[in-house]
Structures are given as C-alpha cells and as structure tokens.
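Asker: Order-wise, the sequence lines are chains P and H. Each residue of the first sequence is one higher than the last, beginning at 2 in the working numbering. Each residue of the second sequence is one higher than the last, beginning at 260 in the working numbering.
The hints are simulated quantities; they were obtained by calculation from the structure and are not laboratory data. Worth double-checking, as some hints may not be accurate.
To be verified - Pairs of lysine-lysine, DSSO-like flavour, derived with a Cα cap of 27 Å:
#1 H:Lys-610 <-> P:Lys-21
#2 H:Lys-443 <-> H:Lys-431
#3 H:Lys-659 <-> H:Lys-284
#4 H:Lys-532 <-> H:Lys-371
#5 P:Lys-21 <-> H:Lys-284
#6 H:Lys-532 <-> H:Lys-659
#7 H:Lys-278 <-> P:Lys-5
#8 H:Lys-371 <-> H:Lys-423
#9 H:Lys-610 <-> H:Lys-565
#10 H:Lys-284 <-> P:Lys-5
#11 H:Lys-861 <-> H:Lys-659
#12 H:Lys-604 <-> H:Lys-278
#13 P:Lys-5 <-> H:Lys-431
#14 H:Lys-390 <-> P:Lys-50
#15 P:Lys-50 <-> H:Lys-973
#16 H:Lys-604 <-> H:Lys-867
#17 P:Lys-50 <-> P:Lys-5
#18 H:Lys-550 <-> H:Lys-690
#19 H:Lys-371 <-> H:Lys-284
#20 H:Lys-867 <-> H:Lys-932
#21 H:Lys-604 <-> H:Lys-550
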Amino acid sequence: MNAKQLIQATETLLLTQAHKTLPEATAAELHNALSAAAMEALAPVWAEKEAERFPKRRSASRSARPSICPWSIWWAG
Amino acid sequence: MGRLIYNNLYCMGLLEDAKRLLAEKGADPAILEDIEDDAFGNGGLGRLAACFLDSAVTCNVPLTGYGLRFKYGLFKQTFVGGRQTEEPDDWSRWGDPWSIRRAEEAVVVRMKTGDVLAVPYDMPVVGYGMKNIGTLRLWQTESLHEVDFPLFNDQKYAQAAADKNRAEDIVKFLYPNDTMRAGKQLRVKQQYVLVSASMQDLLRKYEQRHGSDYSLFPEEVAAQLNDTHPVMAIPELIRLLGLRGVDFETAFGIAQRTFAYTNHTVMQEALEKWDLGLLNSVCPDIVVIMKQIDRRFRDEMKALGKEVLPDRCIIEGRRVHMAQLAVYATHATNGVAELHSQILKDDVFAKWYEIYPDRFQNKTNGITQRRWLGLCNPELCRLIESRIGGGFETDLERLKRLIPEIDDSLCRDFIAVKRMKKEQLAAEIEKREGVVLSPDMVFDVQVKRLHEYKRQFMNALSLLAIYFGLKEGRLKDLPPVAFIFGAKAAPGYRRAKAVIYWINKIAEMVNSDPETAGRMKVVFVQNYNCSWAEKIIPAADISEQISPAGTEASGTGNMKLMLNGAVTLGTFDGANVEITEEAGRENEYIFGATVEELNALKADYDPKAIYEANPAIRRALDTLDDGTFPELEGFAPGAEGTLAELKTSILEGASWHTPDHYFVLQDFPSYLKAKLQAITDAGNHPEAFARKCLMNVASSGKFSSDRTIRQYAKEIWNV
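With the hints as constraints, model all of the structure from the sequences given.
Answerer: Right, dumping it as structure tokens:
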C-alpha cells in the first residue's frame, strides 16, 4: 500500500464510520480511520510473520533454531 | 509507549507522504497532535521495552512482548497552584485501533480470590521498512461469567455484576497505590495474571509443535524477566509443567534454562520482597513451589559448604526475595550499564556472584534511533544525510562517519537545526504552558521521573543560586538560559511532589521578575510523556543527568539527548560513564564524586557542616522555610510533603533516610561550577559548543537498542 492508497482507504473508512469527509473529521475520527487503514495494510505481513514465528507442525529437527524469544514486559511499556 | 500512529506510518515509509496528501485534501494533519499517548508504561523501564521491541523486529530477532492492558495508564498530571494533581488516563476512550482482540486465545487464570479470564489483545510492532512485524500481547482480565442472571432477576444489580467488577479491577490501574494490604494484593494479582497467562500461552504454542515432550522447551523459548515484577513466571512455569506430569527437578531445570533476569535498579526499596501470607492469599500453589525452590537452594548451599545469608537467600522468614529468587533460578543475570553490572557483582548480588560468577553479564541499554532521531528530529536527519548519506536508521554506528566532517560549516548548519527545534518547542510551551521562551536562549533540560535520587532538588538549588547571582550582578556574562523540567511524581510520594511544587514556585518568582527577564526562565511542563520528550529532546543544549554515582542503573534519556546533540551535564553514573567514554570527556561536563569517593565519605558525611560553611547553599536551602515561598497546605507543620521537611531531610535526615541521603550538598559546588561553564560555553561560544554537540551525535552509535537486542539474542537467548 502506498500513501495514496492509504489516504483513499482512510476516506472510505471515515465515510463508513463517521459519515464525514477528511476535512470534517475530528482528531479522534481521523486517527481511528487512518490507523485502521494502516492496520489493513499491515495485516498480510503481520499474519505471515506470526505464522513463521509459531509454526503449528512438529519441528523436523530436534536441533531446530529457537523460534521465539518472548520478552516479559511488566507494566507493558 | 507514545503515539503509535506516527511511529507506525514512519516505519511503513508513509508518514511524510500521508501528511502531505492529507493537507492536499483539506485535512490538517497537525490535529493528530491532539491524540494522546498510549501510556501503558510508567517511565524509562516501559519505554525501554518498547525500544527493544522496535529493535528486535527491525533486526529480525523473534521477540514477543507480554504485558497487561491497563484501562488507565499512568495518571495525567496537571499543576494547580504549583502542586501536582492526578487524573485517570483513559487512553482508549476514543478507541484503540491498533489492538486486535483474540478472544479465541483467552486463558483462565486460577486464583484463590476467584478465577478470571485473561483475553489477549495483540498490537503490531512494525519494523523499519515494514520488512517484519512483531507482536505486543497485552492481557485484559474479564469475568468468566458476565452477569449473574439469578441475582440480576432478583434485581440485585450490584451483586449481579460483582464478579465482573472484581475481574476487571485487576487491570484497571497501572501501579495501584499499595500502601495498604488491599493494594498490595491487587499488585500480586496483576503480576500473577501476567505470568500465568503468558506461560500458558507459551506452553500452548509449544505443545502445538511438540506435544508433551517438554525437553526442547528451553531451546525453543527464552524468556527475559524485565526486572522483578514478572519473576513469579519461574514458579508458575514449574507449576504448569507439574500439572502436565513433569517432576519438580526436571521442571526446575527447564525453567532455569528458559529464564534470564535483567536487574534495573540498585535501590533496595525497589527490589521486591513479597510476604508469603500475601502471596498465599492469591496464588497458594506458587508459594508451595517457591518453598520447594528455597529447599533446593538450601541443599545446594549445604553441599557447597556455603552459608545461607540475608543477602544470599530466597525465603527469609516470611518474605520471599524476588530478585534473589531470579538470580538463583535463571541461567543469566544482567545489569544495564557497565558500572551498574559491576555494582551488582560487587555489592547488590556479591554473595551470589561469589558462587555463580558465570551467570553475571552486562547489557548496556539502548534506544531506538527510529523514534528518537528519525521520527522526532527529521531536520537533523537531513543534515546528517547531506554529509554522510543515510543508512543510520538501521546502523547507528554509521554516525561515526560524521567525525571527519565536523567543520565550521557543519557547526553552523547544526546550530541552525537546533534553533529550528527550539522554535518548535518554544511554540509548544507557549501554547500549553503560557511561558514564552526565546530560541536564542540556552536550553538546559532535565526530563525524567521525579525521584530523590535523580536530584531534581539539586537542580532547583542551582536555579536559586543562578537567580540570586544574576540579580546581584555576579553572573554578568551568563548568557540567557531556559531551564526546562518534565517529571511525574508517584501520587503517594509526598517529598517528590513537594519538589515539584518548589520548582514551580521558583519558576513563578523567576519568570515574573523584570530584573531577570530575558536572562533566565524556568518552566516545568505538565504531563511529561513520550510526545513531550519527542519535542523537548531535539531542542536541548544541555542534558542534566545528575544522580549520585552508583544510583541510576543506566538511564536512557541521557542517550536520547546525546543522539540529538545535547552535551551531558552529569555525574559518573549509569550509562553516563559510557557516554563520556564514547564522546570524550572534553565534550561533556562531568562533575561530582565517584562511587568510590561516595562510599569512602558515607560514614563521616556531615551535610550540616557544608550548609554552615557555604553561603550560597545556605541561602538557597533557606528559601524552603524562610517565607520566600508559601508553604504547602494540608500537612502538619514540618510533616513529609512540606517544603520545610525537604530542608529537614537534607540537614537532619527523615524516615529511613540518613541526612542528605543522596549527597546533594556534597556534589552541589562542583555541579554549579560545571553547569555555569556549560551554559557559558553554549551561549557565548556557540560554534565550539556545536563541535561538542556534534561529537555526541557522531559517538552515539553504541547506544542503539539494535546493538543491545543483538547482544541479548546472541549472548543470552542463543538466537
């Protein structure tokens, strides 16, 4: 997705969710629509990378490379 | 954590074009500035974790963050009459477009106080260039039973919703007040929910690959305990493995090889020790496992012929030492700066280091240059690119190439960029705080949590010394200077709140005095957060990092300021030491006693003698009780929380504090001297000062969190 497509998607979402055009949108409405459009753009890569990190099948080799390194964040910075 | 919209669009490579297109279509992209930060974090520790996630995903290290999805983040701070007031920060009230609820992956967390459902909300962590995307998984607690229908039908509405409220209360507030048992119990519940849900999640994912063969678990999973708060994950993993038929010794071995522990503080009061009775009221099974670990440890000490001591034990009486449990039951313990890691070995964990020297490591903290240079200072990025080209967004060491480029022309261009950033900050401060700063002033900045050991108090003393010096004509050559503060004090931390009040009162006095108008300004911005930091840090000339040597584990604000071309006015503490090594001592303003000097001084330290002997200190300190400023109301005379008590705590000591516990008066003379020199150099010799600033920028490569995360991956996680 390029910036033009991102803004087009934002406009569509704004119309659907808030019945507003870009200049009419409040900060929260613009933020939510723009973020949602960006999330759409991220989704395919995110899903692909998650699947790589957490393959469902049994590892072929017992010496498989570690697949996850979780970071326990308290207070979730 | 800061705003996600700018950071994510920046990492997707769309930010500038999106802003331009919005403007072309008649929308004002600046209105996004009204969006508040995602404030799940509390201070440096939370923001550090966010930097690590950013670096991991950009460096292709497979890292998942786990945390809690608090309804209210760290409070919103406002000043009323100079006093800090707090309001809840409902960060998601306008929506949370960056989270995906994964109800199908919810887990049940069983507690003595009642079982709850932990539902994960996933947030994408976007790598630079969007080549990789990671996940921050935050748990939200919910009731297993939404409403009790029989009670509802009996019109007992409050009782019908009691279970729902009890479950949701667990993640309602970040850092609940824990001065009483109920607050402490809530914190234990928060910790237990985090670790139980996260360990169940990891086991489920592992079991999808390997079934019930847990022997590969430590090879596939490495869990880093970010301070002591998630340390209950160790007994929880052992408990969960036990439920699956794994015996204690095997489960302990798996846990030990899985976990590593990062210590983030040497402050004894911050090293958690939980009462076993309290833990028993929430998670009794965990207490049983902790006792088994303690027995195992005592047997091991016996076999080694070593004593169990207060600073080498796990359970002492009725309390469990979470940090010491972590050192024993993990395979690696690290500090977060060279000096801090040495102090862990020499002092905090000396008795443990004696037995397990190979477990101790250092991982100097870092910051992500994507947010803390690329996003917050595009003007400086363009200047750097014009001289050495790009690429530093993913390889900060490239900034070293700037060193041979530093000449008069680059210095002038740097000064122009700095002025632009000062203009932007001055406009923001005028808009939000009503204080007018000239961009021609030197900007001296101290932004961080308010804590006695960070010594904002000492900075305040210096403001008074400078103010009186200006009024009395003793500082004729001092260039115009603005002192900028940003800090939140914990709501129950009265002494810290009194310091905020004092600085605000000093600011009122200074800013309204026509005699010093145009020469000195003081501003304390309200509600300091990531978004403020992104504006203040690029505009700073002088970075105040003034904790007594040996108290700040690392600091990361010091690195952000260095990267943006501020010189460090600091002690030899935390990562200041490494910053000075990298940039050269001649390019920083270092003052104060070293760790060794302070240790030698402790026994005979007499702050009262310094007070009596130093008229400048006496005069500044006396403003706390001589009527210069109105005393804080609502406290008994001289009680903690008053200005007068601030003075008492320095001269007489207070509660558990020895007099001047953080050596303010000891370091003050050298601090003031270094500070005046830094301000004079910045204002009166701008090109020579710009060289120092540029040396800091060029030498900041070491402090990229990309380097830190690669070290964790290679040296601890074996990834």
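Asker: Hint by hint, note whether the structure agrees.
Answerer: Do the hints match the structure? See the list:
1. Between Lys-610 of chain H and Lys-21 of chain P, the direct Cα distance comes to roughly 66 Å. Violation of the 27 Å bound is thereby established for this hinted pair.
2. Among the hinted pairs, Lys-443 of chain H with Lys-431 of chain H is consistent with the structure: their alpha-carbon atoms are about 14 Å apart, no more than 27 Å.
3. A hinted pair counts as satisfied when its Cα atoms are at most 27 Å apart, and Lys-659 of chain H with Lys-284 of chain H does not qualify at roughly 41 Å.
4. Restraint check: the Cα-Cα separation between Lys-532 of chain H and Lys-371 of chain H comes to about 20 Å, which is no more than 27 Å; the hinted pair holds.
5. Simply put, Lys-21 of chain P and Lys-284 of chain H have alpha-carbon atoms about 13 Å apart, close enough for the 27 Å limit, and the pair holds.
6. Straight-line distance between C-alpha atoms of Lys-532 of chain H and Lys-659 of chain H comes to about 44 Å, which puts the hinted pair past the 27 Å bound.
7. Simply put, Lys-278 of chain H and Lys-5 of chain P have alpha-carbon atoms about 11 Å apart, close enough for the 27 Å limit, and the pair holds.
8. Of the supplied pair hints, the one linking Lys-371 of chain H and Lys-423 of chain H holds, its CA atoms being roughly 16 Å apart against a limit of 27 Å.
9. Proximity of Lys-610 of chain H to Lys-565 of chain H is assessed by CA-CA distance (about 10 Å); at most 27 Å being required, the pair is judged to hold.
10. For the suggested pair Lys-284 of chain H and Lys-5 of chain P, the alpha carbons sit about 11 Å apart, so the restraint of at most 27 Å is met.
11. For the given pair, Lys-861 of chain H sits about 41 Å from Lys-659 of chain H by alpha-carbon distance, which is inconsistent with the 27 Å threshold.
12. Among the hinted pairs, Lys-604 of chain H with Lys-278 of chain H is inconsistent with the structure: their alpha-carbon atoms are about 50 Å apart, more than 27 Å.
13. The hinted pair formed by Lys-5 of chain P and Lys-431 of chain H fails the criterion: a straight-line CA distance of about 39 Å is larger than 27 Å.
14. At roughly 9 Å between alpha-carbon atoms, Lys-390 of chain H and Lys-50 of chain P fall within 27 Å of each other, so this suggested pair holds.
15. Distance check on the hinted pair: Lys-50 of chain P and Lys-973 of chain H sit about 21 Å apart at the alpha-carbon level, within 27 Å; holds.
16. For the suggested pair Lys-604 of chain H and Lys-867 of chain H, the alpha carbons sit about 33 Å apart, so the restraint of at most 27 Å is broken.
17. Proximity of Lys-50 of chain P to Lys-5 of chain P is assessed by CA-CA distance (about 25 Å); at most 27 Å being required, the pair is judged to hold.
18. Distance check on the hinted pair: Lys-550 of chain H and Lys-690 of chain H sit about 57 Å apart at the alpha-carbon level, beyond 27 Å; violated.
19. A threshold of 27 Å between alpha carbons decides the hint, and for Lys-371 of chain H with Lys-284 of chain H the separation of about 57 Å lies outside it, so the pair is violated.
20. Of the pairs offered as hints, the one joining Lys-867 of chain H and Lys-932 of chain H holds, with about 21 Å between alpha carbons and a cut-off of 27 Å not exceeded.
21. Annotation: proposed proximity of Lys-604 of chain H to Lys-550 of chain H holds, straight-line Cα distance about 26 Å (limit 27 Å).
Checked against the numbered hints given earlier, this structure breaks hints 1, 3, 6, 11, 12, 13, 16, 18 and 19; the rest are met.
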